[in-house]
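Asker: Next come the chains, spelled out residue by residue.
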Amino acid sequence: MHNRWSLLWAAGMGSAWMGFAPDASAITAEQRFEKLERHIQELERRLEASETENQKLRSKKSATDPIASEPDVKALHQKVKVLERKLEVADEVAIENAKKTPKLEAGSNGIRFVSPDNEHVVRLRGSVQADYKFFMDDNQTPAGLHNTSNLADRFELKQARIWLEGTLWKYLDFKIMPDFGNGRTILADAWIDAHYFPFASLNFGKQKTPISLERLQGDSDGTFLERAYPTYLASNRDIGVMLHGEFAKPGYQAEYGGPVDFKNFLSYQLGVFNGAGDNGSIDTDIDDDKEFAGRLWSHPFQHSGIAALEGLGVGIAGSWELPKRAALVNINSAIGQNRILDYGQLGTGTSSLVADGDHYRVYPQAYWYYGPYGLMGEYVLSSQQLLGRRNGQTGRIQQDNTAWQVQASYVITGEDNTFQSVKPRQAFNPFNGQWGAWQVAARWSELDIDDETFVYLNPSRSVSKATAWALGVNWFLTRNARLMADYEQTYFDGGAAGGRDRPTEKVFATRFQLVF
Amino acid sequence: MTSKNIRNALAVLLLGTALAASAVTEAANVSLLNVSYDPTREFYEEYNAAFAKYWREKTGDTVTVKQSHGGGGKQARAVIDGLDADVVTLALAYDVDQLYQKAKLIPENWQSRLPNNSAPYTSTMVFLVREGNPKGIKDWNDLAKPGVSVVTPNPKTSGGARWIYLAAWGYGLKKQGSEEAAKDLVRKIYKNAAVLDTGARGSTVTFVEREIGDVLVTWENEAYLILKEYSLSSSTEHGRQKFELVTPSLSILAEPPVTVVDDVAKRHGTEKLATAYLEYLYSKEGQDLAGKHFYRPSDPAVLAKYGNQFKKLELFKISDVFGGWNKAQKTHFSDGGVFDQIYGPGR
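Protein chains in written order, with the working numbering: chain A, 247 to 762; chain B, -2 to 344.
Possibly wrong hints are sitting among the right ones.
[To be verified] DSS-like cross-link-like pairs, simulated, lysine-lysine; straight-line CA separation at most 25 Å:
| no. | chain 1 | residue 1 | chain 2 | residue 2 |
| --- | --- | --- | --- | --- |
| 1 | A | K320 | B | K239 |
| 2 | B | K142 | B | K239 |
| 3 | B | K99 | A | K345 |
| 4 | B | K132 | A | K320 |
| 5 | B | K63 | A | K346 |
Keep in mind that the hints were calculated from the coordinates and are not lab data.
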């Protein structure tokens, strides 16, 4: 019967509410809990002392006065019971409040608000990339250099972002990310991803186009300060809608990996966008024609048991659009970020040069990560029609630009090397002999601009080819903070007066990066 | 009649039979969720079985009623926050009305849809004391005496607790003649409150199981259930009661209301069933079960049958003394209201 009452009561449980302010009640309940606990301990001590005293007294007192202290003992018992019961009630209330109280977490993943049912999460995140670039052997004559951008050694705020991302109603992810770096304010990302079905989700808004592998890598996860040349022949970000999905190997369950997935056995993206052009990022469109982009990616040896190949990823991406008199976007050198292809510097007699007509891209791409080792590479053919006007005559050329890169990296301290950067086992703390994680890397990258381009473009102002090798060192102090140092040497074909080759660009660059 | 006519008549007869047969649906399994207040568990356990039997005989359908119990205020909030209750059977009209005020889950005129302001039975608040009534508890003012330990739930979470508070206040107002005197009485009672549980059933556990306090202030039906439960226990020893019920001279008429949660029932397609479920509370069998579980049936004939089990006492209505639930809630139980003033920190 006693159990029945307890069970019935326990089955219903008490109410969660102490009243007005759930947060205040939760705090109050915890404080009261501690206070009551201390009271109980004190009363128990007094009770024990009292009982000991009583025992002594009983042995001395006569039989006619045996129970003089019993009321005190009973009263103490009652007090202890009351306190215990109050603790139980406070516990119930705290548990119920916890079910209703959103969780606030602050840590290496930013500041997070999570609803009690975990279906709603809002994260406040941010990143800062502070760079310094130092150019060597750049004291050439202006005639020899012919750079439209100076090679001034400079500090740069490459990235200064603060953004909101999260999940609402379990299946709706979102991201809103402005960027205040480089002295301007832009809206880099603003999208909503409805992922009710892992095999078919829809992403709406401004997002990375699913083309270049290195572009799809997190903006703070790259091995080098700047991406390599293949990235610049794909669009950066565009506005549109993208269908995407992921599949697990048979026998396993797919895991939601965001709009561009790198977690599952097989994933695809198919999108329709405004069409931003090579290296472009636009917020509107000037014509009806849209760009279609798609990508297929696989980790073919995932869950194969072959450990060395589990981290192999291969895929192919492509795009097609039909721009109409669309402006062309210039291209800079990789780490130096100096202008090397300048569509504004037209050849003699040329008054305009725009993209007009079929434009397609093909991007085979792959990476491999195993333990501390990492390899990544991609190749691109970007073929588009350009419409130029020279000496009053309009002409059309076919521009087939190509680029490729291969990079290798190795984590000296042994942590896992991944596409999503390196997480140090221990944060840097010299007092404890902890040094964070260290990674070294090397890269080779080439960009080949179709010679046809120079029918309309000034060859003294734009290079026809750039070949770069780079070495890099990354010091991951914590999961959030990284120091980077790269050296890149880029050789050019053309790009200087009289058909000469632009002098080799030698740049040493450093970055301090903080991401949360 | 020609053979052709006979054939035609047979064809019509066969067609009619086929149509009639097709109109007969298979028996369905349906379910309801009844979100109720704390001490009604035993009543609805028996009532649900009775209703299921009735419904099966009437329609052929098998109905399963799931129950949720807890402090009335908490239960109302749970439904507003998304708990899919087909019906609510709560302790007081204010809590039910919040389903309209906060979430428009029910129509504004919900209370007029069933007889007696949608209260199929009534109850009141009484005292349960220990064997022999060692502290001599007779009325509300005895609860305020120094040295008396009172067990009652928290008005912030429990519907029953609000009835108790208002009963004490009404007594203070009537017997001592002023709001200040009533407030003083209630303040002293809650000062003597050993533990404020979150619901009526929690208070029962505190008093009965944990043996805390000198007097439990609770629903009349809860008090009778405790007496009935413990009269069967071996701990009574030679037929003695471990507890005694004390009826105060004056108490409040508690009218726990019921309603279909229209928004949920429409989505579930259970409107008809949910309405029938609540209407059955007013049937002879429903009223009889209420009386059996120590609720005061609204049917006079059934009340007369169970009248002897209830002690006579003067009962006042909340509308008579407090102007209704909205006023009472705002004055006494809202944030910063009178209860917070007399029971808040530093009181």
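Asker: Taking only the CA atoms, is the gap from K99 (chain B) to K345 (chain A) under or equal to 25 Å?
Answerer: 21 Å, holds
Asker: Given the proposed pairing of K320 (chain A) with K239 (chain B), does the C-alpha separation stay at or below 25 Å?
Answerer: Roughly 18 Å between the alpha carbons, so the hint for K320 (chain A) and K239 (chain B) holds.
Asker: Sort out whether K239 (chain B) lies within 25 Å of K142 (chain B), counting only the CA atoms.
Answerer: 23 Å, holds
Asker: Quickly compare the C-alpha distance for K63 (chain B) and K346 (chain A) to 25 Å and report which way the hint goes.
Answerer: 23 Å, holds
Asker: Hint check: K132 (chain B) vs K320 (chain A), CA-CA at most 25 Å. Holds or violated?
Answerer: 15 Å, holds
Hint compliance for this structure: every hint is met.
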